[in-house]
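The listed protein sequences derive, respectively, from chains A and B.
Every position in the first sequence, counted from 1, becomes a number in my numbering once 1263 is added.
Every position in the second sequence, counted from 1, becomes a number in my numbering once 252 is added.
Because the hints were derived from the structure by calculation, they are not lab data.
Accuracy of the hints is not assured; some may be wrong.
Said to hold, decoys possible - Okay, derived cross-link-like pairs now, DSSO-like style, lysine-lysine, Cα gap no bigger than 27 angstroms in a straight line:
(1) A:Lys-1376 <-> B:Lys-374
(2) B:Lys-418 <-> B:Lys-433
(3) A:Lys-1334 <-> B:Lys-282
(4) A:Lys-1334 <-> B:Lys-433
(5) B:Lys-282 <-> A:Lys-1376
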Amino acid sequence: MSWLELDAVDVHYGRVQALRQVSLGVEEGEIVALLGNNGAGKSTTLNLISGFVRPSAGALTWQGQDVSRLKPHQLVAQGIVHVPEGRRIFSTMTVQENLLLGGYLVRDPAVIKRRLDQVYDLMPRLQERRGQEGGTLSGGEQQMLAIGRALISAPRLLLLDEPSMGLAPLLVAQVMRIIAAVNQSGMTVFVVEQNAKAALQIAHRAYVLDTGSVSLCGPAADLAQDPRVVEAYLGGA
Amino acid sequence: MIQVIVNGLSVGAFYALVALGYSMVYGIIKLLNFAHGDIYMLGAYVGFVVLGALTSWLSLPTALGLVLVTLVTMALTGGAGVLMERVAYRPIRHAPRLSLLITAVGLSFALEYGVRQIFGPKPSHFPVQIDAGSVNLFGATITTARIIVILVAGVLMVVLSLFVAKTRQGRAMRAIALDAKAARLMGIDVDRTISLVFFIGSALAGAAGVLAGAVYGTIDFLMGFIIGIKAFTAAVIGGIGNLYGAMLGGVALGLLESFGVAWLGGQWRDVFSFLCLILFLTFRPTGILGGRVVERM
Ligand SMILES: Nc1ncnc2c1ncn2[C@@H]1O[C@H](COP(=O)(O)OP(=O)(O)OP(=O)(O)O)[C@@H](O)[C@H]1O
Ligand SMILES: [Mg+2]
Chain A
1264 MSWLELDAVD
1274 VHYGRVQALR
1284 QVSLGVEEGE
1294 IVALLGNNGA
1304 GKSTTLNLIS
1314 GFVRPSAGAL
1324 TWQGQDVSRL
1334 KPHQLVAQGI
1344 VHVPEGRRIF
1354 STMTVQENLL
1364 LGGYLVRDPA
1374 VIKRRLDQVY
1384 DLMPRLQERR
1394 GQEGGTLSGG
1404 EQQMLAIGRA
1414 LISAPRLLLL
1424 DEPSMGLAPL
1434 LVAQVMRIIA
1444 AVNQSGMTVF
1454 VVEQNAKAAL
1464 QIAHRAYVLD
1474 TGSVSLCGPA
1484 ADLAQDPRVV
1494 EAYLGGA
Chain B
253 MIQVIVNGLS
263 VGAFYALVAL
273 GYSMVYGIIK
283 LLNFAHGDIY
293 MLGAYVGFVV
303 LGALTSWLSL
313 PTALGLVLVT
323 LVTMALTGGA
333 GVLMERVAYR
343 PIRHAPRLSL
353 LITAVGLSFA
363 LEYGVRQIFG
373 PKPSHFPVQI
383 DAGSVNLFGA
393 TITTARIIVI
403 LVAGVLMVVL
413 SLFVAKTRQG
423 RAMRAIALDA
433 KAARLMGIDV
443 DRTISLVFFI
453 GSALAGAAGV
463 LAGAVYGTID
473 FLMGFIIGIK
483 AFTAAVIGGI
493 GNLYGAMLGG
503 VALGLLESFG
513 VAWLGGQWRD
523 VFSFLCLILF
533 LTFRPTGILG
543 GRVVERM
């Protein structure tokens, strides 16, 4: 059994089925990518893992425990932290306040202080702008902030929903480097991407989601060579 | 002149204390809690009962007794607010706005006529009154009661501002007001935080109720109605959902009424408030501080 495991999961929104018999697993220490087109069900998968939607069938387990009924804040307490699509920065709060909110469940001020310093080390840009309102940051800075905010709670599993969305290629590379660095330091990452190329460069393994079902999976290096992936997600070649 | 200002400030202090709860609740769940004025009334009656019990059991000096009674009342009305949210609002939080509004109006009637059932329709006399005389301030005679009201309200508002601006729970409240889903992603228990907001708002209204009883001497089961509307007006003037707006709006409305009454006579008091409400709703629905609509709470 995997560290995080979805076993034959269905998700419905009313009568619309968004996920169909999805099975996938993430092991401790990995970067796993979930690829797929618009509407494939990628965000739904993350929302399922972080407790925002409930499975209508199948099992969701985390370290062997059924977590499909836990509420989002309980899952955060368990170390599953979700950086949502569109970043959702608290726009009128400062960068520092956004980061402090990320540490909401961390009670020890000394620990928060240490982790703030770590995040500022990793993303010096945020430190320069610590007093600035989150909503006034550029898209790339907001993405950094969203990731930094999640890191303050020292997640055991980091869920990222399209971190490259809307970013210029240089910034995409920078964000991917940060994700790889975070993983190097021991954090497990499950990343949803439409930018298959960027994601496959840092991921160990990947799944491809096609209208709610897993259509392909395997080591990232293999998928990057797979003609079906190349044709559908890497813009031919 | 100073007399008029102090009168305005002390009335404004009541408005501000009640407006805060109105505005905080609106900020966090976008609900106009029309039962909020009745929590003020409830506070006056709780104070009435507790004070009665206290003075018959032990003889405390009036000032100390009042402080104690105010604290106990705040805890009890705070609890009532939490219960109200839990039982009436939470189950329908995601229902259409109109259902919530109707529930709020229903709750308001339930509180008013529930208290009427117990204490009767006639006004009750508050067992203790602050009438420790008056002081002379730059030639104006100011009753001590008014000064006490202004001080107590001021202290409560400073404490609340610091709480919301600086503490972890305060930050969580602001986060929910901005984006409830993102707040959940931070590990914030949104239901619990909403309960906390109801507790604080209702405790402040309860404190205002006790003070009103002690200052004016009589209380009745409909006393929350007018102040509810005034507090709503104050919240709108300041910018509803905005903490500082509620304080500013309360004080501004108190002063406006006080000056209006001084120049034109007492019968104009309510006309001023409602004129203000209509003007703001028409021309500046976001209120004085509403330029920053997003800085809700
Ligand atoms: N709250 C919702 N209510 C109803 N249907 C929804 C809801 N959220 C998603 N869906 C539907 O579920 C399907 C999967 O949506 P999802 O957001 O998971 O896709 P996605 O892979 O993240 O797409 P994108 O790349 O555009 O973000 C879509 O058909 C979508 O319309
Ligand atoms: Mg998505």
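Hints versus structure:
For the hint pairing Lys-1376 (chain A) with Lys-374 (chain B), the CA-to-CA distance comes to about 59 angstroms; that exceeds 27 angstroms, so the pair is violated. For the given pair, Lys-418 (chain B) sits about 22 angstroms from Lys-433 (chain B) by alpha-carbon distance, which is consistent with the 27 angstroms threshold. At roughly 23 angstroms between alpha-carbon atoms, Lys-1334 (chain A) and Lys-282 (chain B) fall within 27 angstroms of each other, so this suggested pair holds. Taking the CA atoms of Lys-1334 (chain A) and Lys-433 (chain B), the gap is near 12 angstroms; set against the 27 angstroms cutoff, the hint holds.
At roughly 34 angstroms between alpha-carbon atoms, Lys-282 (chain B) and Lys-1376 (chain A) are farther apart than 27 angstroms, so this suggested pair is violated.
Taken one by one, the earlier hints fail for this structure at numbers 1 and 5, listed in ascending order.
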